[in-house]
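J.: Top line first, the protein sequences correspond to chains A and B. Using my numbering, read the first sequence as starting at 1 and increasing by one per residue. Using my numbering, read the second sequence as starting at 1 and increasing by one per residue.
Derived from the structure by calculation, the hints contain no laboratory data. Source: prediction; values computed, not measured. Watch out, some of these pointers could steer you wrong.
Since the list gives no way to pick one copy over another, a pair counts as held whenever it fits inside one copy or between any two copies.
[Unchecked claim] List of simulated lysine-lysine pairs, DSBU-like, C-alpha gap at most 30 angstroms: (1) Lys156 to Lys115; (2) Lys115 to Lys67; (3) Lys67 to Lys156; (4) Lys92 to Lys45.
2 protein chains.
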Amino acid sequence: MTINYPIKKTANKTIQTAKRGMNLEADLNLTNEYYLSTNVAVVHKKPTPIKVVNVSYPSRQAAEITKAFYTTPSTTDYNGIYQGYYIDFEAKETSNKTSFPLQNIHSHQVEHLLKVRAHGGIGFVIIAFTSLQTIFVLMIDALQPFYQRHISGGRKSISLEELRDVADVVDYGLAPRLDYLAVIDRWIAKNAATVGSGSTTPKRR
Amino acid sequence: MTINYPIKKTANKTIQTAKRGMNLEADLNLTNEYYLSTNVAVVHKKPTPIKVVNVSYPSRQAAEITKAFYTTPSTTDYNGIYQGYYIDFEAKETSNKTSFPLQNIHSHQVEHLLKVRAHGGIGFVIIAFTSLQTIFVLMIDALQPFYQRHISGGRKSISLEELRDVADVVDYGLAPRLDYLAVIDRWIAKNAATVGSGSTTPKRR
Numbered sequence: 001m002t003i004n005y006p007i008k009k010t011a012n013k014t015i016q017t018a019k020r021g022m023n024l025e026a027d028l029n030l031t032n033e034y035y036l037s038t039n040v041a042v043v044h045k046k047p048t049p050i051k052v053v054n055v056s057y058p059s060r061q062a063a064e065i066t067k068a069f070y071t072t073p074s075t076t077d078y079n080g081i082y083q084g085y086y087i088d089f090e091a092k093e094t095s096n097k098t099s100f101p102l103q104n105i106h107s108h109q110v111e112h113l114l115k116v117r118a119h120g121g122i123g124f125v126i127i128a129f130t131s132l133q134t135i136f137v138l139m140i141d142a143l144q145p146f147y148q149r150h151i152s153g154g155r156k157s158i159s160l161e162e163l164r165d166v167a168d169v170v171d172y173g174l175a176p177r178l179d180y181l182a183v184i185d186r187w188i189a190k191n192a193a194t195v196g197s198g199s200t201t202p203k204r205r
Numbered sequence: 001m002t003i004n005y006p007i008k009k010t011a012n013k014t015i016q017t018a019k020r021g022m023n024l025e026a027d028l029n030l031t032n033e034y035y036l037s038t039n040v041a042v043v044h045k046k047p048t049p050i051k052v053v054n055v056s057y058p059s060r061q062a063a064e065i066t067k068a069f070y071t072t073p074s075t076t077d078y079n080g081i082y083q084g085y086y087i088d089f090e091a092k093e094t095s096n097k098t099s100f101p102l103q104n105i106h107s108h109q110v111e112h113l114l115k116v117r118a119h120g121g122i123g124f125v126i127i128a129f130t131s132l133q134t135i136f137v138l139m140i141d142a143l144q145p146f147y148q149r150h151i152s153g154g155r156k157s158i159s160l161e162e163l164r165d166v167a168d169v170v171d172y173g174l175a176p177r178l179d180y181l182a183v184i185d186r187w188i189a190k191n192a193a194t195v196g197s198g199s200t201t202p203k204r205r
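Between the sequences and the hints, there should be enough to build the whole structure, so can you do that?
T.: So this is what it looks like as structure tokens:
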């Protein structure tokens, strides 16, 4: 499936606002580099999925892709390991000031994060309100009821008030830039029994 | 860094041999789909990293990439979660009949797999000898001494005899096609103390 990939919307208000004040992807890359270099966690952004149609070979040493399209990601943007736990998350920006529109997250990404949870992993979404300069970590367990409400025909977004109730704010710092693992630390402390290698019953294969 | 990505070598003997008898990537995709659909594990192949140079917009709905290059992957091809454990691996084919050339694996991939191990994850390489129709799972712990020998100026490959000593053969089946998790099950049983969420000391942050 060919999609209109959001990064190209240069005239879009979201991106322009982001450039002024914050860039979630750049901040997360800096954060993950910091975690990696200080041996705290190994988290990487996955490459953007691209369907290659034509490749030309101007020389034997260099292949040049001459026709390709952005495709829908089948999972989330980031995953890795932290203190022996599998962690997996999606990062989303919105210029909205009062709510987070759920159409920003693909249904298969929600399903993927729910599977991660069922297998003893840590799944969440990082939501940046660019106009408010506020960033939340929303665990998949907390996201699920709102997503269910949305696909059942209810409200298509999570209000800022709802997010303040069920999500945690990530502080903006120097190093790490966005210490989202501080939120994960608190979550692990409360959910230790349902996460990690001891939490799942080995399935007969 | 622009590289000559191996998938383009259509005249290469490795690929031709692979097409005749086996295709490791296709077999692993089938295997991972089986693991996912039977709720055994959540493992996905990462998209191939591509650096986009030019994008054209023939219409507002479809962006077409008109110039791009394959780039060096910064990590491995596959990762995911199995029974609460983080797993991470690279898959390599060789048409060689007597040894596995270590130049097939990038040094930063070895370093990445060693970091995964240090953080309580399960890291390995799946090696397919296409001419021999034999597939091995080589754990990163077992690979490391051979890689060290290589970068210290010693032998540039792991001989088949050495692999038979330190790696496990993956049986070729119908469903799953390549049950590499059977090898991982045996490895976990022997290495339980060094893997998973209980194996690492939380690092002060």
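J.: Now look at each hint and say whether the structure bears it out.
T.: To see whether the hints hold, each was checked on the structure:
1. Lys156 to Lys115: within (23 angstroms within a copy, 41 angstroms between copies)
2. Lys115 to Lys67: Answer is neither; intra-copy 34 angstroms and inter-copy 36 angstroms both fail.
3. Lys67 to Lys156: Neither way: lysine 67 and lysine 156 sit 36 angstroms apart in one copy and 37 angstroms across, limit 30 angstroms.
4. Lys92 to Lys45: both (13 angstroms within a copy, 22 angstroms between copies)
Of the numbered hints listed earlier, those contradicted by the structure are 2, 3.
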